[in-house]
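Novice: Next come the chains, spelled out residue by residue.
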Amino acid sequence: MLRKLLLGFTVLLALALGLMWLTINRSWSPSELNTSHKRGLAGVQQKNTLFDPVLDTLSLRPEANPERNVYYGDLHVHTEYSFDAFAFGSLATPRDAYRYAKGEAIPHPAGYAIQLGRPLDFYAVTDHAMFLGVAKEAADTSTELSRLPMAEFLHDLNAPDNRGFSTLLPRGKAFGTFVPQLVQKVLAGEVERKMIDDISRSAWRDTIEAADEAYIPGRFTTFAAYEYTSSTDERGNLHRNVIFRDTDTLPELPFSRLNSQNPEGLWDWMDTLRAQGIESLAVPHNSNGSNGAMFQRVDWAGRPIDDAYAAQRIRNEPLVEVTQIKGTSETHPMLSDTDEWAGFEIMSFRIASTLPSQAEGSYAREAYRTGLEIAAGGGVNPYKFGLIGSTDTHLGGGADREDEYYSKAGLLDGTPRRRGSVPAGPILGTVVGAMASELVKEVDDSTYLAFNVFEYWGASGLAGVWAEENTRESIYGALRRKETFATSGPRIRVRFFAGYDFDEAILDVADGVTRAYAEGVTMGADLEADGTRAPRFWAWALADPMAAPLQRLQVIKGWEDGGETHEKVFDVACSDGLEVDPATHRCPDNGAAVNLADCSFSQDKGAKQLRTLWQDPEFQAGQEAFYYVRVIENPTCRWSTWEALRAEAAPRSDLPTTIQERAWSSPIWYRADRS
Amino acid sequence: MVREPLFHFLLIGFGIYGLYGIAGDEDAGALERTVTVTAGQIRVLTDRWQQQWKRAPTEAELAGMLRDHVRVQVLHREALAMELDVGDVVIQRRLAQKVERMARGLSTPDEPSEDELRAWHAENLDRFKQPDLYSLTHVYFSPDERGRSATEDARAALVKLNALEASASDHRSFGDRFMLQDQYRNVSEAEIRNLFGSVFARALIELEPGPWYGPIRSGYGLHLVRLDQVILSPTPSFSVIRAKLREAWTKQKIEAQGESFIEALMARYEIIIEEADSPISSAGRRAAP
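Chains as they are written, first to last, in the numbering used here: chain A, 6 to 680; chain B, 51 to 339.
Just chain A, same shape as in the assembly (with noise of 0.2 Å):
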């Protein structure tokens, strides 16, 4: 109580010296200064504890964990320095992104701050380097670039007094004319390219200045990174982000879309740099909106995949990310039709258009299947990636939470009547519908604002890693040999190992785990056959504890049987001491509910804990075989629901109202013995 007392008083004292020396502002009296001074040592002092005035705290890290503790991040972050950024009035730069990370507020661009209730352990920020800085120094009216007749539209676009809702249109062009018509003049010659690589290469250098000053080895991690922002001609997405593992030695310039449309153009040049070196992988993203490009059998050229691709592929990309705000990519309904959970933040358009895009080839869990095929066939699997999940965020921090949800095109999406979740409203809807009528939606006799499909995206991802510290090496580490995992956003926990000799005792001793890594592999590696055996997986989850409970853990089998391959979803732990039913595979229903009125749920139901040692009932030793985890979550709100909610309006009949948010580990791959 004295403590308390004390404390407060303090807090009122330096409050009042803080008010005094505002009012005063430049009396620097010495007087004063000693006080404060003795203040801040005599706050040491009160507790009994260890303080030592020469001990250079700057250097106290938490200690290694050999048996590896869970890492969050967020490896896919935009800021003002990315050309569609800036069209959509985001004013974050790099060194704001990495602030967001460690936990500050930083400004939304319509007028509201945004802050993590929780900070990140590890960042990137991962700005498209076609055209890296370009649009800003278009915008600002004093530089060369800003002459062109094409940068005329951005000048000032993100002025204070240039942000109201009469840009929203001219933004969204912004975006479509711009960079088009600058990639067409600048590959006839007809812009500069030297202008445009230096103003790139200075944003990068500054790029780069901010990751490393923003790194706290041991405490936070960050990367120097950037977006390969490449499609195909029909506008199939194949984007990756590339993340560098040091900053010791960097290239000068980022390779972009002006380099190569090809991604194999990227791949080339990673290995020449890593020939020197330079250590870097990419992480192709948004495959569902890739109309099938990603996950190809053939190569650029429409060649079959050949064992020089495939291998020249996987040393570069051995990691997809598999769920961010435009839409989760594990898998398709259509492609999975016995995974009654498949159907999960499907947007299944093309990146930056409405086009529908194909399914086939455009998810992770189909293209594991095409890798075992074309190992198969006697070739090298090209698809034998790990997941991780990171947010795309366009406002240099992400959304990654139904309750708090902003989407991440700025003032394009930065409002719920913006992005979809309530009704426009009769006055903005008939506007706006006489404006451009595929502008709107009606939707339960009301209108909605419908500027690109954002009410299919949504509050997702996280990229989890199992690293010994968070250090660039070790969590660089995790992600090369794929000991990651995918959440949709909560803080779920993922551990999963496969080993012959497990017994049910490892998952009680206190040093199962350094077992189990002695005596198996864990997610991203593969388990080699031993004989005619059949392994034991150790699948093991923790809820995030201020999320919902878990309900169920479940593997995922992938199989190759005489050329062709097959898919199940086994549960295999269940919440509320429910027992796997052995015919179907699968839990009962926990009886968990959200109730739409307030959103709340079930505090009853659901596990925080779920880990089980398991055995394949369908496991024959001559298949080769991929297995992941996924666990799933009680049922919580939808971010549309939420915002209907606050709105006092009905959540839309054609959005999901709820959603089980989930996590996704890495395979292990198992190889059956061929000789």
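Derived by calculation from the structure, the hints in this document are not laboratory data. These numbers come from a predicted model, not from an experiment. The C-beta atom is built at its ideal place from N, Cα and C for all residues, glycine as well. Any given hint could turn out to be false.
[What the hints assert, rightly or not] Quick list of in silico lysine-lysine cross-link-like pairs, DSSO-like style, CA-CA up to 27 Å:
#1 B:Lys179 x B:Lys303
#2 A:Lys190 x A:Lys178
#3 B:Lys104 x A:Lys107
#4 B:Lys301 x A:Lys107
#5 B:Lys104 x B:Lys179
#6 B:Lys294 x B:Lys104
#7 B:Lys179 x A:Lys107
#8 A:Lys190 x B:Lys104
#9 B:Lys303 x A:Lys107
#10 A:Lys178 x A:Lys446
#11 B:Lys148 x B:Lys303
#12 B:Lys104 x A:Lys199
#13 A:Lys573 x A:Lys562
#14 B:Lys301 x B:Lys179
[Claimed, not checked] Here are the computed distance ranges between Cβ atoms for each label pair:
#15 B:Ala206 x A:Pro593: 31 to 41 Å
#16 A:Glu214 x B:Asp220: 42 to 52 Å
#17 A:Arg302 x B:Ser219: 47 to 57 Å
#18 B:Asp165 x A:Asp217: 23 to 33 Å
#19 A:Ile283 x B:Ala306: 49 to 59 Å
#20 B:Val249 x A:Pro587: 37 to 47 Å
The hints should help you fit chain B onto chain A, whose structure is shown.
Specialist: Chain B in isolation, oriented as in the chain A frame:
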């Protein structure tokens, strides 16, 4: 007073204004009808050409550039004469930005003295303060597995744990297997909050180091907790962050100098704001929409 930067700014400011005043008076009302393109301006034009095309311009190309240049000069003067700049927000903002940038670039502050820097460090301790660091050991009791007896079991274990000689791994024979580490060293409150949730973190930092406490509730269930060590207020010492301090000091100084210059300018104006006759919203802004 003479060393006061504000004084210098005012002096420079008045100087600039005075010069404009003298030059401007003669022209008032009349439009200057001569356009002179100096050799220096021609050099700027040809240099720019050189940069873009990697060669000098031809006679005809230079003539074209000069024609464009003169055209802009003439149209600009006509525009000023017609007062087209008045009320144009883009032009206003551009010019205001120029003055603002000028104000910040007026002078670089002197190197701070050692005493000045130390004093500023002391005054801004919080800005450079690192979080307090905690080391803890915990034992988890799972409500999923133990149901209602979790609390009772934890209480029983607490008595036993406190009766034991303190040794590194005694606690491992109690409680349930848990995914997180059973011991953490040198983690901050924010990191503990990330790991166990905020209720647990708040409770933990209030504990006295040494004995076992609990059960404390987290987002996962119940825990018995022992605070092993606390390192409070590990503010980096002056010498460790001297370079950082200097940088921050200079940045803040430049900012303050620019601001006080602009404030001094503003003080020279009488500001009249009339009663608003348009609706004003009283709603506050939410943290998230």
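Novice: Now look at each hint and say whether the structure bears it out.
Specialist: Do the hints match the structure? See the list:
1. B:Lys179 x B:Lys303: With Cα atoms ~20 Å apart, B:Lys179 and B:Lys303 stay inside 27 Å; holds.
2. A:Lys190 x A:Lys178: Within the cut-off at roughly 18 Å; holds.
3. B:Lys104 x A:Lys107: 47 Å, violated
4. B:Lys301 x A:Lys107: Holds: B:Lys301 and A:Lys107 sit about 22 Å apart, inside 27 Å.
5. B:Lys104 x B:Lys179: 53 Å, violated
6. B:Lys294 x B:Lys104: 43 Å, violated
7. B:Lys179 x A:Lys107: The given pair, whose Cα atoms are some 15 Å apart, holds under the 27 Å limit.
8. A:Lys190 x B:Lys104: The given pair, whose Cα atoms are some 18 Å apart, holds under the 27 Å limit.
9. B:Lys303 x A:Lys107: 26 Å, holds
10. A:Lys178 x A:Lys446: 20 Å, holds
11. B:Lys148 x B:Lys303: 19 Å, holds
12. B:Lys104 x A:Lys199: Distance ~11 Å between B:Lys104 and A:Lys199 Cα, so the pair holds.
13. A:Lys573 x A:Lys562: Measuring from Cα to Cα gives roughly 5 Å; hence the hint holds.
14. B:Lys301 x B:Lys179: Holds - the C-alpha atoms of B:Lys179 and B:Lys301 are around 19 Å apart, at most 27 Å.
15. B:Ala206 x A:Pro593: 31 to 41 Å: Since B:Ala206 and A:Pro593 have Cβ atoms about 34 Å apart, the given range 31 to 41 Å holds.
16. A:Glu214 x B:Asp220: 42 to 52 Å: 49 Å, holds
17. A:Arg302 x B:Ser219: 47 to 57 Å: 54 Å, holds
18. B:Asp165 x A:Asp217: 23 to 33 Å: Between B:Asp165 and A:Asp217, where Cβ atoms are some 31 Å apart, the hint holds.
19. A:Ile283 x B:Ala306: 49 to 59 Å: 42 Å, violated
20. B:Val249 x A:Pro587: 37 to 47 Å: 39 Å, holds
The structure fails hints 3, 5, 6 and 19 (numbered hints given earlier, in ascending order).
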